[in-house]
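**Q** Chain residues, written in single-letter form:
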Amino acid sequence: MNWLSAISIICATVAVSFGAIGPALAEGRAVAAAMDAIARQPESANTISRTLFVGLAMIETMAIYCLVIALLLLFANPLLK
Amino acid sequence: MNSPLAHPALFHLGPVPITAGVVVTWAIMTILVIGAKLATRNLSLHPGRLQAALELIVETLDSQIRDTMRVEPGPYRGFIGTLFAFIFIANWSTLIPGVEPPTAHLETDAALALLVFLAVIYYGVQAGGVRGYLGSFATPTPLMIPLNFIESLTRTFSLLVRLFGNVMSGVFVVGIVLSLAGLLVPIPLMALDLLTGAVQAYIFATLAMVFIASAVSESRDATEPQQPRTPS
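Sequences listed follow chains A and B, in order.
Per this note's numbering, the first sequence runs over residues 25 to 105.
Per this note's numbering, the second sequence runs over residues 79 to 310.
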């Protein structure tokens, strides 16, 4: 195994692990805020949970971007061809 | 381990390679079209069981569109409903042994995101004309034109990557656990996949609704002159 593929594997791991930190914290805050809002106003739970789902999808995209970059590094690395 | 980005061709149709995902897509399309034809063949004012169930689905879809877009659902029901039905069935097609969901392939998701991109332009032009739609890029100031333009491209890209990443990672994780731990162990993960698949279909349809609604309302605002707001 040459050093380029070794660095690729390490970078893929680093991308996924560090890329998961931010979205995890953000999703935690979003869910906590939504719980708080539903506890205060249970009658608007429908609207809040729909908005929460869409917002979580937006936040989650950041982690998915990191996953895609990691997969590109592992499976479609242009430097290794 | 197979790469999740490359898919071997199953057979060739002339010069065009046909992968397994395309065949599954065709099967889902056939099932949806023939099922819809058969289910709506004998509609009556006194609905039977099947018609009542279908009406429940359409009612739910209508109320979702009305809540999210704040317009009457008529012109959007077909597009949004078909998007949701296709992605939902495609994500859950992993329940059939040997079938990999076509949404786990980058190409299918790219086609779906491209459809949403074109639908945003279509409904925007329909609401405010070409002038109104292009004018909506210059809101609130013409300084925002490059940013608005880039946004319309990146949100299509993120739509594609989100669906691909979620479904593909589910398939991938199940494959890894199966190869490490063996039979019957990945069943809880597959159940989680079903939940993710349903949520992702819902999110894809909701985001398509949000994008179309914003294009429609902005195009309409750009054509009509600003009316002075009367205090109510």
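FYI, nobody ran anything at the bench for these hints, they're computed from the structure.
Some hints here could point you the wrong way.
[To be verified] Label-pair distances were calculated between CB atoms; the ranges are:
1. A/Ile-93 / B/Ala-276: 35 to 41 Å
2. B/Leu-212 / A/Ile-31: 18 to 24 Å
3. B/Val-251 / A/Leu-104: 35 to 41 Å
4. A/Ile-45 / B/Ile-223: 16 to 22 Å
5. B/Asn-120 / A/Ile-45: 52 to 58 Å
6. B/Pro-220 / A/Ser-73: 36 to 42 Å
7. A/Ile-93 / B/Leu-116: 40 to 46 Å
8. A/Leu-104 / B/Gly-113: 32 to 38 Å
[Claimed, not checked] If you want a taste of the chain B side facing chain A, the calculated C-beta under 8 Å gives, among others:
9. His-85
10. Ala-87
11. Leu-91
12. Ile-96
13. Arg-144
14. Thr-234
15. Val-239
16. Ser-247
17. Val-249
18. Val-251
19. Ala-276
20. Tyr-280
21. Thr-284
For every residue, glycine included, the Cβ atom is placed at its ideal position computed from N, Cα and C.
**Q** A separate judgement is required for each hint: does it hold in the structure or not?
**A** Against the structure, the hints:
With their beta carbons about 27 Å apart, A/Ile-93 and B/Ala-276 fall outside the hinted range of 35 to 41 Å. At roughly 46 Å, the beta carbons of B/Leu-212 and A/Ile-31 sit outside the given window of 18 to 24 Å. The supplied range of 35 to 41 Å is broken by B/Val-251 and A/Leu-104, whose beta-carbon atoms lie about 24 Å from each other. Between A/Ile-45 and B/Ile-223 the CB atoms are about 35 Å apart, so this pair departs from the stated range of 16 to 22 Å.
At about 57 Å, the beta-carbon gap between B/Asn-120 and A/Ile-45 stays in the expected band of 52 to 58 Å. One distance hint, 36 to 42 Å for the beta-carbon pair B/Pro-220 and A/Ser-73, holds here, with the actual separation near 38 Å. Taking the beta carbon of each, A/Ile-93 and B/Leu-116 are about 45 Å apart, inside 40 to 46 Å as hinted. The hinted range of 32 to 38 Å is not satisfied by A/Leu-104 and B/Gly-113, whose Cβ atoms lie roughly 46 Å apart.
Using the Cβ-Cβ criterion of 8 Å, the hint placing B/His-85 at the interface with chain A is not satisfied: the shortest such distance is roughly 12 Å. With 8 Å as the threshold, the beta carbon of B/Ala-87 stays out of range of chain A, its nearest partner Cβ sitting at about 18 Å, so the hint is violated. Interface restraint check: B/Leu-91 against chain A, minimum CB-CB distance 25 Å, threshold 8 Å, status violated. Interface hint at B/Ile-96: violated, since its Cβ lies 22 Å from the closest Cβ of chain A, which is beyond the 8 Å cut-off.
At a threshold of 8 Å, the smallest CB-CB gap from B/Arg-144 to chain A is about 12 Å, leaving the interface hint violated. Hint status for B/Thr-234: violated, given a least beta-carbon distance of 12 Å to chain A, over 8 Å. Using the Cβ-Cβ criterion of 8 Å, the hint placing B/Val-239 at the interface with chain A is satisfied: the shortest such distance is roughly 6 Å. At a threshold of 8 Å, the smallest CB-CB gap from B/Ser-247 to chain A is about 6 Å, leaving the interface hint in force.
For B/Val-249, the suggested interface contact is broken, since its CB lies about 12 Å from the closest CB of chain A, more than 8 Å. For B/Val-251, the interface hint is violated, the least distance from its beta-carbon to any beta-carbon of chain A being 11 Å, above 8 Å. A least Cβ separation of about 11 Å between B/Ala-276 and chain A goes past the 8 Å threshold, and the interface hint is therefore violated. A cut of 8 Å between beta carbons decides the hint on B/Tyr-280: the least distance to chain A is about 7 Å, and the hint holds.
The closest approach between the C-beta of B/Thr-284 and any C-beta of chain A is roughly 6 Å, which is under the 8 Å cut-off, so the hint is satisfied.
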